[in-house]
Amino acid sequence: MSSFRRALRSKLSLFSSISTSISHPIATTRPLSSLLPYSQNASFCSRPRQNNKEGSTIDLNQYPSDNIRNFSIIAHVDHGKSTLADRLLELTGTIRKGHGQPQYLDKLQVERERGITVKAQTATMFHRHKFLGSDTNFLLNLIDTPGHVDFSYEVSRSLAACQGALLVVDAAQGVQAQTVANFYLAFESNLAIIPVINKIDQPTADPDRVKAQLKSMFDLDPSDALLTSAKTGHGLEQVLPAVIDRIPPPPGRSTSPLRMLLLDSYYDEYKGVICHVAIVDGALHKGDKICSAATGQSYEVSDVGIMHPELVTTGILLAGQVGYIVSGMRSTKEARVGDTLHHTRTVIHPLPGFKPAKHMVFSGLYPADGSDFEALNHAIERLTCNDASVSVTKESSTALGLGFRCGFLGLLHMDVFHQRLEQEHGAHVISTVPTVPYIFEYSNGSKLQVQNPAALPSNPKYQLVACREPTVIATIIIPSDYVGPVITLCAERRGEQLEYSFIDSQRAFMKYRMPLREIVVDFYNELKSITSGYASFDYEDSEYQASDLVKLDILLNGQPVDAMATIVHKSKALRVGRELVEKLKKFIDRQMFEIIIQAAIGSKVIARETLSAMRKNVLAKCYGGDVTRKRKLLEKQKEGKKRMKRVGSVDIPQEAFHELLKVS
Amino acid sequence: MLRSMLTSMLTVFPSKIKTRNYSNTIIIAITNSPQPVRRNASTEYMLLQQQHNPTSAYVHLPFCRKRCHYCDFPIVALGLSSPHGDEDEDEDDPRIVNYIDYLCREIKATSVPSNYNKSPMETVFFGGGTPSLVPPRLVSLVLETLDAKFGVCTDAEISIEMDPGTFDVEKLKDLMNLGVNRVSLGVQAFQEELLKSCGRAHGVREIHEAIDIVGSCGVENWSVDLISSLPHQKSHMWEESLSLTIQAKPTHVSVYDLQVEQDTKFGSLYTAGEFPLPCENQSADFYRMASEMLRDAGYEHYEISSYCKSGYQCKHNYTYWINKPFYAFGLGSASYLNGLRFSRPRKLKDYKDYVQNLENGLVNCFQDSKVDAQDIAMDVVMLSLRTARGLDMKSFGKAFGSSTILSVCEVYKPHIESGHVVCLDEQRREIAAEEFSSLLSEGNKINEVLAYIRLSDPDGFLLSNELISLAFNVLAP
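In order, the protein sequences belong to chains A and B.
For the first sequence, position 516 matches number 506 in our numbering, and the numbering has no gaps at all.
Heads up, our numbering is the position in the second sequence plus 21, with the first residue counted as 1.
Calculated from the structure, these hints are not laboratory results.
Bear in mind the structure is a predicted one, so any value in this text is a computation, not a measurement.
It is possible that some hints are incorrect.
[Claimed, not checked] Lysine to aspartate or glutamate pairs mimicking DMTMM-like chemistry, simulated, CA-CA at most 20 Å apart:
| hint | chain 1 | residue 1 | chain 2 | residue 2 |
| --- | --- | --- | --- | --- |
| 1 | A | Lys622 | B | Asp393 |
| 2 | A | Lys626 | B | Asp396 |
| 3 | A | Lys594 | A | Asp538 |
| 4 | A | Lys611 | B | Glu431 |
| 5 | A | Lys575 | B | Glu301 |
| 6 | A | Lys611 | B | Glu301 |
| 7 | A | Lys611 | B | Asp284 |
| 8 | B | Lys194 | B | Asp176 |
| 9 | A | Lys626 | B | Glu143 |
| 10 | A | Lys451 | A | Glu431 |
| 11 | B | Lys419 | B | Asp400 |
| 12 | A | Lys632 | B | Glu431 |
| 13 | A | Lys261 | A | Asp235 |
| 14 | A | Lys261 | A | Glu324 |
| 15 | B | Lys286 | B | Glu214 |
| 16 | A | Lys611 | B | Asp306 |
Can you build the whole structure from these sequences, using the hints too?
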């Protein structure tokens, strides 16, 4: 039973980093079968804890905002953020030591490959601390953040509810690209930053070098740094006192009218939409009528409480506190992240909202088997219920049939989405080559924002006057031995160097402006492979830049394959065209007729391969005893054909589409 | 007669008949969803099919001296120690004697399915294995048992597979005296190195001896079996094998393109199309060469891998290709009765248990599982497109509906234009591609004119898998 639950959990809890480390009492009291169909609904900590010892004793009135600290932990991947969070929860008795799976997320494939926490998660802890001369009870909200830049909108959302952050740095690896990116996010949000040098138990730990890096990169005082090992427990006792002493309490006023910030939402099978909120001003009670500043819609609060880390009903939330509310929203779409909620019939000044999600990478998603459109539609609907940051519009392709054009925050986001579709919803999808939102301007003054290369006319009516593409500012930190090859790689990817310095004697720090398109497909893998895995990389969105772009069509026996069209920089068209055509030749099987595979810009063919006709496909013998077997073989062949996508008379195997994704 | 057949159909396909007569809901379901094959028409076809009483029997004699490297048949390897095995009548291999005992018990315990009339056998085929390793005395026992059970026509075609080096004049004479009148000689290749590399238990000398024996015994109807695309086989070797075969003047030639089967020695050593096996193009050339040389020598290419002098088609094998019912006996053999294919166990021990159970009335090899019209349609297409006669569109249309005919025509249209598929009218005159197109565009016109569809020789035959699976797509989308 418990191993089954664990397996189940690995599927359902991709998005809940803290709660995964907790042995969960509810999963045992609820029939397992009821969990299964909705297991993808993110967090499973969705019901008030039953038989809760503390549940009835938690009185939030004892915690005025002076006794509250809201903070988050930010770190580069694998620097020990999740383990540190586990330890703090254990230290405060929020979870019991040795229960649950430590750092469960890091075991997921997508985690290992890219390293991320995707969704912010909050946990409330209670801690007694000598403060200003007297023992005082504190309420601490740990707001965990995703580490990856794709989810920086999640990060900024979480940071908005915090007044401070623990900046965790691996004592051996030192400052890495995400350390830099996350530091600046926190810095720009005016957070108090507590540097934590973690993993000091490692033989290669060099805390002094890291202190020097923190000083030179971020101007952080070396004497402020805490030295810890979340693994051995060393130095952990200093962490919470530092949080209380160095991070200011939330600034809100309890006497002002209620204003709360909607941090996040997810859908729960039993309770409906559950919103995570931060009370900025005022107080919220169960039964209150609240109203959304964005939509004007009003709701009645049927349940309110804290994440401890499971949902614990408290009946109230006061200024400076962070918790959850259940208010009868029917869909997470009503819960606009960044929205300000207030009491009905009060007039308030809405809080500054969050940055809305910006879709940087688009790709077409099609059912691998054309007849599965409804199933895919259903799966996508279910998944977007908990990940509203994906944009979805229907589209159709002559080669692939009906499908969806999806917009993602970034590559990782796209990968996670694909993986969840396949793993949690059993959807088999063909994804088209990811593209970025280009802007094409024509002589008649019209502008075309292109999310799907197929939608760009190959021979436009009006003359093209300008094309622009989105860029990113990439941060790369590498051991200095690898500077040469990395500079070469960035130049190949049309990068423009903005900064080149050394963090210390062994590590180089580089900033590049790069076209987003160039890092969309395989940049990170390439970077890792030329630096033996030592490079760290992060990026943030930057402006659009003018660029010489062309649409590259792929034709099979003269017929364009819409789903294979791509937009590339002119200087790369020839190489990409050749590569695509060669790949296709390899992955399309010989058929009964010759197939000409071409890559073309407009009407100009730039690459061409010929796949000769199949010569022989015959089963020699077929006697009495063979009939059944032979027929099975032929039926298999037929099924194989059915799975293929057809353009004109050419059958294209699904692998061909998958392989094209790998061409940059 | 028809009535009795219908009643017997009822016992075999009760659900189907009920569907037609009583269950409106199911009929609605069928008419609402597009049905590529008219299911309720199939009964008619079944009737047509089952009007043929089974008059063919396949008898499996699994013994070989050793297993050839390409073979995945159910065989029993005896070892090389007893080359002729039967020189001394008293020293019959007990394994063979024991097997023949079970085989005869199986024949005796088999009942004629109730919807068939008992008809004497018109063809009997002893396949293997190496049937020529079985002493004629024991073959005689099998034939007697068959005769006692079903009767064997006096002019029945009785074939036996024989391997060079496993028989002499006396043995063949003995067999002929039992009524065996067709010999299928397993030559495979005329090159010592090729025979060796595929693990044959004989050499080239034995081949020539065997051909002489067959000639001197006056066997009128005999076949040479060859395999193309063997490892290291070169074009000149294949040409030599074909010309030596033609010189030997058999009435029939079977040409098999090597299939590399998974659980064989070849399967573990080689990958089809890769060295030392000939590449796809070369192996296609071998096929063309056989087709051309044998046709030039006066052989008809009457089935994908079969050639014969006029009038010497293998009647037994033809029952397979026209989807007629047949009996089968022995290890791993497959029978086709009442529209059901039934395979016997491939392991000797399991087979013996099976015979035991059969005798105890615990097995029925034409029971339960229902026959699906779609399955029959696919079998008919797959088998008849192997033959030069091709698919009889008139009777196929009658059984499965003219809309099925139209969709088959539609899917074959480009391949008629490319010459892989040939359309023939009632007089077997070819309907040209343009004419076919215009007839097809007029819908029903094509049904009036079109009588046969066949695959062209050699191009269509060479791509038969592709072409047949295209038709499967229409029949069972």
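Each hint tested on the structure:
1. For the hint linking Lys622(A) to Asp393(B), the alpha-carbon distance of about 15 Å falls within 20 Å, and the restraint holds.
2. This hinted pair checks out: Lys626(A) and Asp396(B) have alpha carbons roughly 14 Å apart, not beyond 20 Å.
3. Of the pairs offered as hints, the one joining Lys594(A) and Asp538(A) holds, with about 17 Å between alpha carbons and a cut-off of 20 Å not exceeded.
4. Under the criterion of a C-alpha separation no larger than 20 Å, the hint pairing Lys611(A) with Glu431(B) is inconsistent with the structure, at around 28 Å.
5. In summary, the hint linking Lys575(A) to Glu301(B) is supported, as the alpha carbons are separated by about 17 Å, within the 20 Å threshold.
6. About 18 Å separates the Cα atoms of Lys611(A) and Glu301(B), which keeps this hinted pair within 20 Å; it holds.
7. The hinted pair formed by Lys611(A) and Asp284(B) meets the criterion: a straight-line CA distance of about 18 Å does not exceed 20 Å.
8. Restraint check for Lys194(B) and Asp176(B): satisfied, since their Cα atoms lie roughly 18 Å apart, inside the 20 Å limit.
9. At most 20 Å may separate the alpha-carbon atoms for a hinted pair to count; Lys626(A) and Glu143(B) exceed this at roughly 35 Å.
10. Of the supplied pair hints, the one linking Lys451(A) and Glu431(A) holds, its CA atoms being roughly 12 Å apart against a limit of 20 Å.
11. Proximity of Lys419(B) to Asp400(B) is assessed by CA-CA distance (about 16 Å); at most 20 Å being required, the pair is judged to hold.
12. This hinted pair checks out: Lys632(A) and Glu431(B) have alpha carbons roughly 17 Å apart, not beyond 20 Å.
13. For the given pair, Lys261(A) sits about 38 Å from Asp235(A) by alpha-carbon distance, which is inconsistent with the 20 Å threshold.
14. With a C-alpha separation of about 15 Å, the suggested pairing of Lys261(A) with Glu324(A) holds against the 20 Å cut-off.
15. Distance restraint check for Lys286(B) and Glu214(B): the Cα-Cα separation of roughly 17 Å lies within the 20 Å cut-off, and the hinted pair is therefore satisfied.
16. Proposed proximity of Lys611(A) and Asp306(B) is supported: the alpha carbons are some 18 Å apart, at most 20 Å.
In this structure, the earlier hints numbered 4, 9, 13 are contradicted, and the remaining ones agree with it.
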